[in-house]
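Mind docking chain U on chain F? Use the hints.
One line per chain: the protein sequences are F and U, in this order. With our numbering as the guide, the letters of the first sequence map in order to residues 1 to 295. With our numbering as the guide, the letters of the second sequence map in order to residues 1001 to 1344.
Honestly, the hints are just simulated from the structure, not real lab data. Note that the Cβ used here is the ideal one computed from N, Cα and C, for glycine as well. Take every hint as true, because none was put in to throw you off.
Which residues of chain F face chain U? A few of them, derived with a C-beta cut under 10 Å, are:
id, residue
1, Thr51
2, Phe130
3, Asn138
4, Asn160
5, Ala238
6, Met239
7, Thr243
8, Gly244
9, Arg246
10, Leu251
11, Gln254
12, Asp258
13, Asn259
14, Arg261
15, Trp262
16, Ala264
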Amino acid sequence: MSAVEAAPRVEGRSNRGTATWMVVPALVLLIGFFALPYLTIITMSLREASTRAVYGEGFTLAHYTTALGDFYIWGILGRTLLIGATVTVISLLLGYPVAYHLAKSRSRWTSLLYIFVLSPLLVGLVVRTFAWMIILSNNGVANQALKATGLIDFPLQLMNNSLGVTIALTHVFLPFIILPLLGNLQAISPDLAMASRSLGASRMRTFWKVTLPLSMPGIQAGTILVFVLSISAYVTPAMLGGTGGRTMSVLVVQYLVDNFRWPAGAALAIIMAAVAVIFVGLYLRLTARAMRRLP
Amino acid sequence: MKLTRREFAVGMTTAIASMTLPRLALAQSPLVVPTYGGLWAKFWEEKLLPGLTTATGIQPQLDVGLGKDFVAKIRAGGGRSPYSIFMGNENIAAVLRAEGFFEPFDLAKVPNAAKTFPQFVNKDANGIRAIVSPIGLAYRTDLVKTAPTSWHDLWENPEFKGKTGLYQIGNTGAVLFLRLVAELFGSGPDDFDTAFAKIKELLPFTQASWSGEVATALIRGDAIIAPVDWTEIMTLQDKGAPVAIIAPKEGVLAFEQSFNLVGTGAEKDAAHAYLNYILDAKVQQDMAKAFYTSPSNSESPVDDAMKARTPIVGPRMAEIKSYDWDSYVDKAADIADRWNREMA
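Isolated chain U, as found in the complex:
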């Protein structure tokens, strides 16, 4: 076929236009809602977003990925973020906050924030940790003779030597554990030298990139004890796996999903409405039932059946150890580097 210059020009224009169209479509969508895959995406698609549309009239677009993917997209977006609201672990949100991408919520537009446990509302409403997945000590009930009761058991119970599973430093779970160990054995959550020394005592341990990998290590028996979130262990229990999870007496950690208003986003009112819906008592209860999170709304109904599976609810939310991440942002890269070099 012989191509004339005109035909070629038309062809190229069409090709370039077709590449641009998704971006235009994105710009026209009312609100892009980021969430995680698996159970989360299923819940968002089937329940949360239809409920949001019914309650507010907003017709959002779902974007499934990891918190770090959302960070990359907001950073790459520069002055035009694809999201107006960010969801990610609080330590990851702190990075974008430090870089100036976020602005405070107008709490008048988020009435449910008043019912949220105060420890999850950041200073000046600069981020609200709306979804809380506590992390306890999970263990194999068939392979562990003495069930753990304390974080110290990881060091003191000889059964666990060489049989411990930990998150690798790229996962928020490892950073939380590092700060917990610094607090338990050192002068405070920033005593990283002590934390490194103590965690090195646990070597060799299995390192996992995410909770599903920790769960796999537990199921294989490569690890018989590991700090991991309730969501993962309850899901394993539902499948009949011989695993249990306890809340150590010193307190629990938690994956805290921090919602933040993106300054460079276009749909800020819709973002407020979305967060308000996420914080709704009934929605929090639905999430707890769907994937065993702990309701962050103090008025969220919690029945005995729920308490039996996710005990860190209501007044026990005070057992969650939350850390300040503002200053950690400056040290995060060096700490990750140090972990990689020393925890081998």
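The shape of chain F in the complex, shown without the other chains:
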């Protein structure tokens, strides 16, 4: 082999070497700030409980068996997943038309709509949640307005339950479904819809048969993002959920921070993470299968 022939191969090997080294910082970061903390939490979840030390001497599975045999915990887990699913569905129903409009619009007001879409993220989380408390409380703006219009005589329970948490989470996570959808919808060539129309399909049929299927990757990404963020949200459920809207993240923090039960709290956190992984995995498989069937 001549030197001229050998050069590209040496260059290629060198590039691969550099690329491998370039991965190292991210790998170190992942191991340091993700894998090791998770390992620590798993180890902590297996420690014996103690009220006279941070944790007891030996190891046990008792925190897992106790939690998994407790209907109260199952109830909170179910509520958390239900809130996550409801927020995801409502966000999709509300967010899709907005993303669609933004993708198609050529109005000079579009940038203003972008600001509206991002507005929930421009206000601090605690401030935003306090604002929802003012709106949703028994004597809040919503109930006062309903009373003033004569629709109700007694205030509706709009917070300290799952409803308040769902409303506030939908508000905050709406941009997280709109933005991936927007990117996806903008990438769909308008020629496809035009071809569908020119072949005689109605506007609605074109949407159902062309645009919606092609936007499935955006729907998948956005819904996973909103679902995961909703089930792991803490501040909003803690402030608006009360006892009737308590979620797993609130319970985990109560165990870890309020009750100083690190082993039991760590076990709950691991259970929550495992359930989230299972649900997201199932959802990915289902949506991937649906996308494969697309024309």
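The following block gives chain U in isolation, referenced to the frame of chain F:
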């Protein structure tokens, strides 16, 4: 850009060193002083710490957070606590004390402890409750016809049915209230079955995570009466809110900020000096003026203007119900769990 192995190694070393530097800086600081946010942090920054430096020469570093955050940091620190002195409610301090993180103060190094009301100095100087914020019954003056005079009014005055605000169990205020109810209606502050039964009679009630949330519930009118600390209500009054607070005839509760010497801390002499400064009569008076605490120093001057806003001062400090938390530590988690399940 092509990265050589040497450049990469230098880069990574720098990155790791920069992550380590804050820890080194922390280790070199003389004394890390934990305190709470809001009015507290403002007072510590503007008045207390500059005063401490002037009086003692110590240049402390402030760490703002919640008592439970400080617990987590001390626990996570293992044999090397970031703090040499801990501040937190006495029931929370009791957890770390039970776990062996604290050691007694040397009272010879805290001369102001001799002037502190004796009920706030723990046995063997294992913790001193230096900052006291009494908790009374606060109510809306415009929405309540008959002002409360007793804790029993929560059960007996029909005006308050469904209009009561309480702390949720994660807050010390709820634990204090639970023990008070056990004492008022049961065989003593450990009669939790009776306390749970009586508090359930108050359902439905608004539950709040901290005093600011109780205050918000009062302002919104979701609650018209609530056990809450003087600090919160005086602050609301200063803003013109129609709220008042009374000391029930059976006595008051209090958030007692317990200062403890951390055994694994590095600056124990500075910690003693800091506590001594906190207990100083003038400093206690300044705190009372800044956020309506009750001076724990018996020689702290209290004028009529102060008495009008914070009546639990001087001899009336005896009205504060203090509880023993050593045995409670073993039951705390089960009680919190029970509250979560039953108070819904």
